[in-house]
Amino acid sequence: MPPPVRRKAPVLLLVVGAALALATVAYAGNGGFAPATPHSPNAKRINDSYVWISIFTGVIFVLVEGALILFIVKYRRRGRPRNQEGPQIHGATRLELIWTAIPVVILAVIAAFIFYKLPGIQDVPSAKAEGGPLVVRVDAHQFYWQFTYPDGQISIDELHAPLNRTVRVDITSQDVDHSWWIPELGGKFDAIPGHVTHTWFKADRAGTYRGQCGEFCGVFHAAMKAVVKVTSQSEYAAWLGTAGDTLGKGEWEGSCAKCHGLQGQGGFGPTISNNALLTQGRSLEELIRQGRNEMPPVANGWSDEQVQALLDYLKQNIYKGAASGG
Amino acid sequence: MAARATFEPYRPDWRQGRVMSWITTTDHKRIGILYIWTSLVFFAAGGILALLMRAQLAQANEHFITKQSYNELFTIHGTTMIFLVVVPIFAGFANFLVPLMIGARDVAFPRLNALSYWLFLFGGIVLYFSFFAKYGASRSGWYGYPPLSDDMFSLGNGQDLWILSLHLLSLGSLIGAVNFLATIHNMRAPGMSWMRIPLFVWSIEIYSALLVLVLPVLSVGLTLLLLDRQAGTHFFEPQGGGNAILYQHFFWFFGHPEVYVMVLPAMGIISEVIPVFSRKPIFGYKAIAFSTVAIGFYSMLVWAHHMFSVGMPNFLNVFFMLSSMVIAVPTGVKIFNWLATTWRGNLIFDTAMLWALGFIAVFTIGGLSGIFLAAFPVDWQVTDTYYVVAHMHYVLFGGSVFGIFAGLYYWWPKIFGRMLDERLGKAHFWLVFLGFNLTFFPQHMLGLLGMPRRIYTYQEHGLWQAYNLISSIGSGVMAIGILVFVVNVVQTSRKGARAVNDPWLADTLEWYTTSPPPPHNFETLPYITSARPIRDLRRRLAEARV
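If you read the protein sequences in the order shown, they are chains P and G. Taking our numbering, I'd label the letters of the first sequence as residues 1 to 326. Taking our numbering, I'd label the letters of the second sequence as residues 1001 to 1546.
Hints were generated in silico from the structure; no laboratory data involved. Careful, some of the hints might be misleading.
Unchecked claim - Residues from chain G shown here face chain P by an in silico Cβ test under 8 Å; the list is partial: (1) K1067; (2) Q1068; (3) P1147; (4) F1153; (5) P1238; (6) K1280; (7) F1283; (8) Y1285; (9) F1336; (10) I1360; (11) V1378; (12) P1452; (13) K1495.
Remember, predicted model here, so these are calculated numbers, not experimental data. Positions of the beta carbon are idealized from the N, C-alpha and C atoms, including for glycine.
Using the sequences provided together with the hints, build the complete structure.
Structure, rendered in structure tokens:
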């Protein structure tokens, strides 16, 4: 005689599963139950895909774990002798076909949704009304990000972008593999030397978006953070005009200070604020372009103006005169 | 005067000494035991590395260990768990069990078998001694991507020793795999057709086939990397015209099938344990056997899902998404068949069964989180974050290691002739089950909050810190659970109950002989007429008695 629980159980499990899936959706964006709250259309569509998959996996999770717990409770030994056998059922071809076919259908439904969302995630919008996307080149270095804007301005670790404007980022690396990632503005794209990868964003809210390098890149991987500052178009234009003034400071903080300390007082790298090399332009340039031992070639690929900006900043702000006797 | 006969005192052959007998052995059972013990020692070592990492991450801005050490820790932890624990311990199980399960006297090539063990041991020693190299051990991750692993960015010989170690380990695994294939194909007992071999043997067949197919590709990649480092070539160095992504293809062409190398034998163990402790035959023997073959086949077609963020052409992303999703189907088939096996059974919750049921519970979570990772736009958000760390531990700890413990509790009496203590065994299971979920479940959330892998510290407080702290506490609970296992082993090694031939009333041929088996394994063998020869025998005996 079939116990009544067998007919109720699937219904109950479905209800619980749907409730759980809904709770997940309602909770999305909070507490790490879904990717960060999106502020760009591509990130939004990724989150939609995440929620879509969650619904199916949530139901499967509840069904499988529910069946497992149900069977454990229902078919436990309960004092039966150890050698008492259950019914000797060796299988059922029809069941095998069913539980092969249903997952295939579910996966097809998931894949179809991904294909539906994919163009809106992957393809950079032509943005004709805005006169085409704003193209920013991202050069990843050990251990900082360098951003080059269309008119040649450069910033370090801080990408400035105008609000509601499509920004295409062309990503490459000057040394090892890194990965560009601002969670609220979309997914990860690796920075690989010799390759250029692309992604884009169109921020719908002014503010500061934080991210950090997603591919292990060496000893200061954890310090390789990036910030995207989204401001109004006019503020952005104003910032572009003054970008050159802060370049030396940005280079110092991004490429030198993480190892040598903000005042050059030393840290992971040696103290340099009293090192006369800071005043010897030619040798210093060679060192930062080529690296030495554990010091990476931080200035790999820099223009002469960039090197000069750093040298000027070092002379004015960091160099404290040679240490006595040293 | 006749010469007096001299009576030399009896001196046993030098190969029969207590230590020398283990060093010179070619007995598959002793080599299996060596494999299992060595892997367990490395498991402890790799576990300690992980505990150190969790201690460092327990709080924001912690300074428990330095960043260089942290990078060595996760590199060697990953390499250890994969190459020195999971793969070789399955080689240990396979060594001990495959000949017994198929009714053979030994493996096909006993001396090669000994060689494969010693290559494994020395590979492991090389890896751990690399901590003493200048600049320390390798610190470019278990996958060793160039350019980070090139001579310019990885100074010292730690990386070279890592390559040497992996070469030794690969060679050992390759020899072992060829040996298992030859044994399974040629040495099955009379009547044991392919549809009558135990499912564990099926899993070892595919484990071995995959190793033979993909290990040479790893060796190629590592050799080219070594040449780049030491001979001035530029295979992977872009400034010399090389291609850094090429290495990733080499590595993952090996690396993803390797994942199934590590989980298929665990699934094989589960497929042996669940029917015995459900007092039923396995549901869908053929479906499980063929799904093992299917997983093996598809596992060779999914490697680049580790590389969705490198910017591959769209059609490749789509191909690898679909192939990765397809592999969920045979995996699901296995889970449904295990569940169906417990249906209407007489479930006996001995420790081995607890681990097997625990496997189903947690492996399901790992399988489902894998679907998010296969959908490549979602992967772009979660790849290289703690979400992947969580997913990967749900399949490799919740899958492989739970399977290993199920196998240890199940076959311990056969291997060592003594029963493990059930009370301590259950404490071990529940502590590890709880600790495992505490450690790894919150890591899903950490990844979604934006915490990348392989960072030695973080500045964020709030939820980041809360989840990290829970995770670190969980790792401590797991460690206590493992200590309970150690106590169990030590106590029962002297005082444990002697094991009879077939303590679990099992189905397969290894239970036909004594526990532990004699050097030649079997005096006689029954003619095999089904996949459950020992149950057939029990029934015939029962009928004869009536």
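Broken hints, numbered, in rising order? 13
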